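Asker: First to last, the protein sequences are chains A and B. Count the first sequence with the numbering used here and you get residues 1 to 109, in order. Count the second sequence with the numbering used here and you get residues 110 to 345, in order.
Be aware that a few hints might be false.
Unchecked claim - Examples of chain B residues toward chain A, derived with CB under 10 Å:
hint, residue
1, L153
2, A155
3, T174
4, Q206
5, L210
6, A243
7, I245
8, Y248
9, F257
10, L272
11, G277
12, T281
13, Y282
14, L286
15, S288
Unchecked claim - Here are the simulated DSSO-like cross-link-like pairs (lysine-lysine), alpha carbons at most 27 Å apart as the crow flies:
hint, chain 1, residue 1, chain 2, residue 2
16, B, K339, A, K95
17, B, K242, A, K4
18, B, K168, B, K242
19, B, K330, A, K95
20, A, K92, B, K145
21, A, K91, B, K242
22, B, K316, A, K4
23, A, K4, B, K145
24, B, K145, A, K95
25, A, K37, B, K168
26, A, K92, B, K168
27, A, K4, B, K339
28, B, K147, B, K238
29, B, K339, A, K92
30, B, K242, B, K330
31, A, K95, B, K168
32, B, K316, B, K168
33, A, K95, B, K238
34, A, K55, B, K139
35, B, K139, A, K4
To be verified - According to the in silico footprint, chain A covers these stretches of chain B (three or more CB under 8 Å from chain A):
hint, stretch
36, 110 to 120
37, 131 to 145
38, 214 to 228
39, 235 to 242
Please keep in mind that the hints were generated in silico from the structure rather than gathered at the bench. The structure displayed is predicted, hence computed values, not measured ones. Virtual Cβ for every residue (Gly too), placed ideally from N, Cα, C.
Here are the chains, one letter per residue:
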Amino acid sequence: MSRKLEFIVLAILLIFAAQFIYISATTHAEYGGADDKPAGVIDQITGGTYKPIAKPIWEPPSAEIESLLFALQAAIGAGVIGYFLGYYRAKKTMKTSLPTNEKANPKGQ
Amino acid sequence: MHIMEGLLPARWCLIWFAVSIPVVLYGIYKMNRLVKEKREILPLLAVAGAFIFVLSSLKLPSLVTQSCSHPTGTGIAAIFFGPAITAVLSIIVLIFQALFLAHGGFTTLGANVFSMGIVGPLVSYLIYKAGVKARINFYFVVFLAATFGDWATYIVTSTQLALAFPAGGVLTYGAFLSSFSTFAAIFAFTQVPIAIIEGAVSALLFKYVVEVKSDILVEMKVLEDSVVRKLRGLSA
């Protein structure tokens, strides 16, 4: 089957990775989290008068723990996607291969 | 796109909750009905939710502002199930991140659901429907839907922050615009390359779902049978 879309996506990812490697190697960019920046901007706009109305219930004690939890989140998601796509694929192959053996590996698969 | 815990004044927290809660409730109702009618969609629902889980955990570096931000992953769910159900899937992820990662927060949950779970998916959904009608290349439509849904999410976040914190403290159009451009510089610009990645990966997942389970998509009226046959034939 055609893998055109895969190649396009791969190309996009490679361009993305290449520009990142190039820029991070040639500059001292920090690559901090965009989600953490508004707090500082709000301080500037309000002249430091705005105090957050709540604090997180629990915070990961270190960057290591935080990345552990983010990795866990991604792993759970990836596991679920892989499981069900595999389940569907196997089910479909079974269906097409049961009646006749000729159909077991149709070209469109 | 996550507005951190406590970063919105109480008034704005309430406003965004008031807007978001009805949509989430409607989404829960719709989801229950759908699952009851068609039990076989459950795995697809899990895949769409899991995709949000994966993508929203990936903080990607952006060359535009040289900071890191994450995709939303809501495009697929929006295309399959519509914005209301996507709001339910998003709130699950947002609660997970608020609870375990101190990322986002409970006071700002309403605002974050509104941007990531409602407006972004709505934009994706509308672009998808329009693109399918216009008979543009199918995977390109999915790419556009996911990419613009992602951008829309971050534009909404910038808008929410600018509304709560207009320059000079008084909410006028000019003050809003001035604040908006500051917040948009953080979020919207950073998001340009990241949204493109999100669009590309979403198109890929869509392709795989079409390959293995197109019948259910036809049944849910996401795709027409003729389109599936064409995609199968071409398998771009």
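Asker: All hints, please: hold or fail.
Answerer: Hint-by-hint comparison with the structure:
1. L153: Given a least distance of 8 Å, the restraint on L153/B holds.
2. A155: With a closest approach of 5 Å, the A155/B hint holds.
3. T174: Holds. Min distance 7 Å.
4. Q206: OK, holds: Q206/B within 10 Å of chain A, min 8 Å.
5. L210: holds, 5 Å
6. A243: violated, 20 Å
7. I245: violated, 15 Å
8. Y248: holds, 6 Å
9. F257: violated, 16 Å
10. L272: violated, 12 Å
11. G277: holds, 8 Å
12. T281: violated, 14 Å
13. Y282: Violated - the Cβ of Y282/B stays beyond 10 Å from chain A, reaching only about 16 Å at its closest.
14. L286: violated, 13 Å
15. S288: holds, 6 Å
16. K339/B <-> K95/A: The hint holds at about 21 Å.
17. K242/B <-> K4/A: Distance of about 23 Å is within 27 Å: holds.
18. K168/B <-> K242/B: violated, 34 Å
19. K330/B <-> K95/A: Between K330/B and K95/A the Cα gap is close to 23 Å, so the pair holds against 27 Å.
20. K92/A <-> K145/B: Roughly 24 Å separates the two Cα atoms, so the pair holds.
21. K91/A <-> K242/B: violated, 31 Å
22. K316/B <-> K4/A: holds, 11 Å
23. K4/A <-> K145/B: violated, 38 Å
24. K145/B <-> K95/A: holds, 25 Å
25. K37/A <-> K168/B: holds, 14 Å
26. K92/A <-> K168/B: Violated: K92/A and K168/B sit about 35 Å apart, past 27 Å.
27. K4/A <-> K339/B: With a Cα-Cα distance of about 15 Å, the restraint between K4/A and K339/B holds, given a limit of 27 Å.
28. K147/B <-> K238/B: holds, 22 Å
29. K339/B <-> K92/A: holds, 19 Å
30. K242/B <-> K330/B: Answer holds: K242/B to K330/B is near 13 Å, not above 27 Å.
31. K95/A <-> K168/B: violated, 40 Å
32. K316/B <-> K168/B: The given pair, whose Cα atoms are some 24 Å apart, holds under the 27 Å limit.
33. K95/A <-> K238/B: Violated, because 31 Å separates the two Cα atoms, which is more than 27 Å.
34. K55/A <-> K139/B: violated, 34 Å
35. K139/B <-> K4/A: Violated - the C-alpha atoms of K4/A and K139/B are around 36 Å apart, more than 27 Å.
36. 110 to 120: holds (count 10)
37. 131 to 145: Violated: only 0 residues of the stretch 131 to 145 of chain B have a Cβ under 8 Å from chain A.
38. 214 to 228: Coverage by chain A holds for the stretch 214 to 228 of chain B (3 residues, Cβ < 8 Å).
39. 235 to 242: It is violated: at least three residues are needed, and the stretch 235 to 242 of chain B offers just 0 whose Cβ sits closer than 8 Å to chain A.
The structure fails hints 6, 7, 9, 10, 12, 13, 14, 18, 21, 23, 26, 31, 33, 34, 35, 37, 39 (numbered hints given earlier, in ascending order).
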